[in-house]
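K.L.:
So the chains spell out like this:
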Amino acid sequence: MSQIKIATLGLAAAVAVSSALVAAPAFAAGEVKPPKSVHFSFEGPFGTYDRGQLQRGYKVYEQVCAACHSMDLVAFRNLGDPGGPEFSPAEVRVLAAEFPREVVDGPDDLGDMFERPGKPSDYFPPPFPNQAAARASNSGAYPPDFSVIAKARPNGPAYIYSLLVGYEDPPAGMELRDGAYYNSYFPGGQIAMAPPLFDEMVEYTDGTPMTVEQYSKDLSAFLMWTAEPKLEERKRIGFQVMVFLVVLAGLLYFTKKKLWRDVDH
Amino acid sequence: MSGQSTYHFKNPAVRWLDSRLPIISAMKVNALDFPTPKNLNYFWTFGGILTLFLGIQIVTGLVLAMHYTAHVDQAFNSVEEIMRDVNYGWLMRYMHANGASFFFIAVYIHIFRGLYYGSYKAPRELLWMIGVVILLIMMATAFMGYVLPWGQMSFWGATVITNLFSAIPLVGEPIVQWLWGGFAVGNPTLNRFYALHFLLPFVLAAVVFLHIWALHVPGNNNPTGVEVKSNKDTVPFHPYYTVKDFLAVIVFLIVYAAFVFYLPNYLGHTDNYIPADPLVTPAHIVPEWYFLPFYAILRAIPDKLGGVIAMFASIGILFLLPWLDTSKVRSAAFRPLYRQFFWILVLVCFGLGYLGSQPAEGGYVIASQILTAYYFLHFLVILPLLGLFEKTKPLPGSISESVLSKDKGGGPTDGGGGTVAAAAASAPEKRG
Amino acid sequence: MQKGCDPAGGAGRFGLSPGPFVAKNKAFSRKRSGAEGAERAFADQYFGDLDVAHAHTDTEEPTRRDFLYIATGAVTAVGVGAAIWPFIDQMNPDASVQALASIEVDISAIEVGQSLTVMWRGKPVFIRHRTEAEIAEAEAVPMSDLPDPLARNANLPESDPATDTNRAHAQGEAKPEWLLMIGVCTHLGCVPIGESGEYDGWFCPCHGSHYDTAGRIRKGPAPRNLDIPEYEFVSDTLVRVG
Chain A
1 MSQIKIATLG
11 LAAAVAVSSA
21 LVAAPAFAAG
31 EVKPPKSVHF
41 SFEGPFGTYD
51 RGQLQRGYKV
61 YEQVCAACHS
71 MDLVAFRNLG
81 DPGGPEFSPA
91 EVRVLAAEFP
101 REVVDGPDDL
111 GDMFERPGKP
121 SDYFPPPFPN
131 QAAARASNSG
141 AYPPDFSVIA
151 KARPNGPAYI
161 YSLLVGYEDP
171 PAGMELRDGA
181 YYNSYFPGGQ
191 IAMAPPLFDE
201 MVEYTDGTPM
211 TVEQYSKDLS
221 AFLMWTAEPK
231 LEERKRIGFQ
241 VMVFLVVLAG
251 LLYFTKKKLW
261 RDVDH
Chain B
1001 MSGQSTYHFK
1011 NPAVRWLDSR
1021 LPIISAMKVN
1031 ALDFPTPKNL
1041 NYFWTFGGIL
1051 TLFLGIQIVT
1061 GLVLAMHYTA
1071 HVDQAFNSVE
1081 EIMRDVNYGW
1091 LMRYMHANGA
1101 SFFFIAVYIH
1111 IFRGLYYGSY
1121 KAPRELLWMI
1131 GVVILLIMMA
1141 TAFMGYVLPW
1151 GQMSFWGATV
1161 ITNLFSAIPL
1171 VGEPIVQWLW
1181 GGFAVGNPTL
1191 NRFYALHFLL
1201 PFVLAAVVFL
1211 HIWALHVPGN
1221 NNPTGVEVKS
1231 NKDTVPFHPY
1241 YTVKDFLAVI
1251 VFLIVYAAFV
1261 FYLPNYLGHT
1271 DNYIPADPLV
1281 TPAHIVPEWY
1291 FLPFYAILRA
1301 IPDKLGGVIA
1311 MFASIGILFL
1321 LPWLDTSKVR
1331 SAAFRPLYRQ
1341 FFWILVLVCF
1351 GLGYLGSQPA
1361 EGGYVIASQI
1371 LTAYYFLHFL
1381 VILPLLGLFE
1391 KTKPLPGSIS
1401 ESVLSKDKGG
1411 GPTDGGGGTV
1421 AAAAASAPEK
1431 RG
Chain C
2001 MQKGCDPAGG
2011 AGRFGLSPGP
2021 FVAKNKAFSR
2031 KRSGAEGAER
2041 AFADQYFGDL
2051 DVAHAHTDTE
2061 EPTRRDFLYI
2071 ATGAVTAVGV
2081 GAAIWPFIDQ
2091 MNPDASVQAL
2101 ASIEVDISAI
2111 EVGQSLTVMW
2121 RGKPVFIRHR
2131 TEAEIAEAEA
2141 VPMSDLPDPL
2151 ARNANLPESD
2161 PATDTNRAHA
2171 QGEAKPEWLL
2181 MIGVCTHLGC
2191 VPIGESGEYD
2201 GWFCPCHGSH
2211 YDTAGRIRKG
2221 PAPRNLDIPE
2231 YEFVSDTLVR
2241 VG
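Chains as they are written, first to last, in the numbering used here: chain A, 1 to 265; chain B, 1001 to 1432; chain C, 2001 to 2242.
These are calculated hints, taken from the structure and not from any lab test. Keep in mind that the hints are not guaranteed to be accurate.
As the list claims (entries may be wrong) - Here are a few chain B residues that face chain A, going by a calculated C-beta distance under 10 Å:
#1 Lys-1244
#2 Ile-1274
#3 Phe-1389
#4 Lys-1406
Unchecked claim - Here are some chain C residues the structure puts well away from chain B; computed CB gaps all over 10 Å:
#5 Val-2080
#6 Pro-2086
#7 Phe-2087
#8 Asp-2089
#9 Ala-2095
#10 Val-2097
#11 Phe-2126
#12 Ala-2136
#13 Thr-2165
#14 Cys-2190
#15 Cys-2206
#16 Glu-2232
As the structure is a prediction and not an experimental result, all values here were calculated from the model. Heads up, the beta-carbon is just placed ideally off N, CA and C, and yes, glycines get one too.
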């Protein structure tokens, strides 16, 4: 009969958990369109990042997004970390040195700050010195930092992808604010960012199609990696832990059963 | 607790130690050999699970404290640096964040087990009340912990909850400024919340000690609600319940691990990955899921002070529960009517949780008001009256008798509906 | 105790008696002998006495049951062991600290006779562009005058002698005009002062240790020559430390 109790316990736990999930705060739905359904290699319990995709995604970020969007929490060295784009150490040094902006360092012997090419240990240099400067250069809108953006939006990677491919003409009769663009995936529908991607904009050397669609997908995957760089390690350790716990639970189940066999209870 | 040791140890070193500080015999009396009713079902394993989670939270919390920076300019980034740079930092943080959720899942199951089996009744009133204190400390700890990553929900959650105190007449404003250490939630607030978040778990551990002490005076309640009559009704805690609790712990950990490793952010809110910005309020402020029922009660009352009072009263009323329930019978297994009302209360609490996650407008508000009214009705009206009018089933003479009668296929059985919940509740009547 | 499987009694199973494991094994080998007794004792050790007053008679082969207990205990022990590691490892230097474990220094601006002090792994590193006179002075010191005869150079084998060439030796090459040392006195960790002391090298003001122009201890309480970190000339003007 222990099975029944375990089953009921399991069911009760399932009820509790699933109810908690149902009750988990839903994001403000409003009129925002749910993101397009799109599949990524990192989904599922065994999903991993596609190295080529992350490398292409970095290229899109570096050549397009980095002009306005900072990525303060990511260092060039991370581009070579296991579980990421996995550029070689030599490539990482080159990418750091050739980043579109130099790194501000200092003060030097005269007390002045100076600019120098990036090194692997440097963090991605930001496009603007502070938020006010960023707003001033973008007609009042603040381009958010991209470090954890994929976790800061519900269904992040799919949302970013949908947003990038989702620019269209506003529905008839809709008045857009000055400098705003219509994008039905953006909360409110009006986004200050002009469509950033165009076909053939970034050169891919591995034969991947150079389309907005592909760029968007690669960038979304790259941003998921910057938000969750330990995803692969997490799933790998998670699998080991789950196997261990299930084996131990099995052993304990039989141990408990034998132990209690001679007790009326 | 235990005075002179009555155990005789063969080992001279143990004898020497135990005669001066009877720590070994105290352990034997209160843990290993503690006589425990032999008919406890798996709902009795949550005490052990909770103790483990207090330990997990303290240990992972200590690790996070070694790397965290409590300053408004650095808190968000320091948490992310833990996630990225610290060895296994991501594991520590996800264990801690999800650990809080699973701590509450376990404590809610533990509380509802107590409600179902009447574990709050004499002579266990104080045990129950200490438990309510534990719940309050847990809530305060969890709330302040959620502020520390200094994301949008941290900031605005802190703002909304601390503003509750401004509802107090006359002294409300000064109290809120005192809590903040300023004119809004800011760096002083973050620092004091960090200090208190670090302290409270140890207070919690001390109160848990009292909880267990108070438990070991009358001993465990059990699914029949009939007190232990003789040695035949009990087994030593070790190894019977150590192994059983261990099994339950591992099963619970499987669910926990599934979240930590595969859905680490599911129970959190995406807005908390946006750094706190005092100029931009999120479209929809919601607390963590475990506060949602109370949040719904808060918003159900259209008056600011009234809402705050109702919210605190919804927990405060639990202190009075031992005297509000007038029934002579403890266990819902022998109280057919109470059992129905118990499950209605469970549903009402889930309903309040759902409503707490919804915007406070239209039908949601009305539904919250109805469910809030029912919640208080349950404790203030239904329970006192049930004890007077309910016709209870005959109680078994002893735990052993109930166990033996079940072997013959007799004994009391639940008549409850065919829901999963009823099946779970009827578990004590089956052999396990 | 009905089954009489635990001669050591209650206290023993909590691991309190001196070497309870061994003692119980002996007791068993007398009665049962062999692995079965040992396993049984081990299981008792882990789970205590599994029999209680109202238990029924054990009809099963003890070994199979004991194996289950041993397996459960062993798997638990492995799990606890594995779970402890992350909690220890989190205190090791993190990735951002590791990333700064080696630095590159531009030495083009250091004139002959000048020094530069840079921070490396939280410690000062002296980079001295030595004069001909300093080099000659260091080379002239007979090895027998050195309290510490070893080079203390991370770029060379540990046993290499403290000749001037070995002191000014980078990874793969010796450049006598450049001396790189960790600027921490080997006595008690103070930072020595440059171009001072009785041997024209460094002098530690804390307890009066004198180092010569090759950073070797000559007089005073310091036990060792100043340590030389791993370094490499990336180009004529750029040196990588660490």
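K.L.:
Each hint needs a verdict: does it hold in this structure or not?
P.N.:
Hints versus structure:
Nearest Cβ of chain A to the Cβ of Lys-1244(B): about 5 Å, under the 10 Å cut. The hint holds. Of the supplied interface hints, the one on Ile-1274(B) holds, with its beta-carbon coming within about 5 Å of a beta-carbon of chain A, less than 10 Å. For Phe-1389(B), the interface hint is violated, the least distance from its beta-carbon to any beta-carbon of chain A being 29 Å, above 10 Å. Because the closest C-beta pair between Lys-1406(B) and chain A is about 9 Å apart, less than 10 Å, the hint holds.
At roughly 12 Å from the closest C-beta of chain B, the C-beta of Val-2080(C) stays outside 10 Å, upholding its exclusion from the interface. Listed as outside the interface, Pro-2086(C) is inconsistent with that label: its C-beta sits roughly 4 Å from the nearest C-beta of chain B, within the 10 Å cut-off. For Phe-2087(C), the condition that its CB be more than 10 Å from all CB atoms of chain B is violated, with the nearest at approximately 6 Å. Listed as a non-interface residue, Asp-2089(C) fails to keep its Cβ farther than 10 Å from every Cβ of chain B; the least gap is roughly 4 Å.
Annotated as non-interface, Ala-2095(C) brings its C-beta within 10 Å of a C-beta of chain B; the closest such distance is 4 Å. The claim that Val-2097(C) lies off the interface is violated: its Cβ sits roughly 8 Å from the closest Cβ of chain B, which falls inside the 10 Å cut-off. Separation of Phe-2126(C) from chain B is adequate, the least Cβ-Cβ distance of about 30 Å exceeding the 10 Å criterion. Annotated as non-interface, Ala-2136(C) keeps its C-beta farther than 10 Å from every C-beta of chain B; the closest such distance is 48 Å.
Listed as a non-interface residue, Thr-2165(C) keeps its Cβ farther than 10 Å from every Cβ of chain B; the least gap is roughly 40 Å. The claim that Cys-2190(C) lies off the interface holds: its Cβ sits roughly 29 Å from the closest Cβ of chain B, which is beyond the 10 Å cut-off. Listed as a non-interface residue, Cys-2206(C) keeps its Cβ farther than 10 Å from every Cβ of chain B; the least gap is roughly 32 Å. Taking the minimum C-beta to C-beta distance to chain B, about 26 Å, the non-interface status of Glu-2232(C) holds against the 10 Å cut.
Hint check: violations occur at hints 3, 6, 7, 8, 9 and 10; the rest are consistent with the structure.
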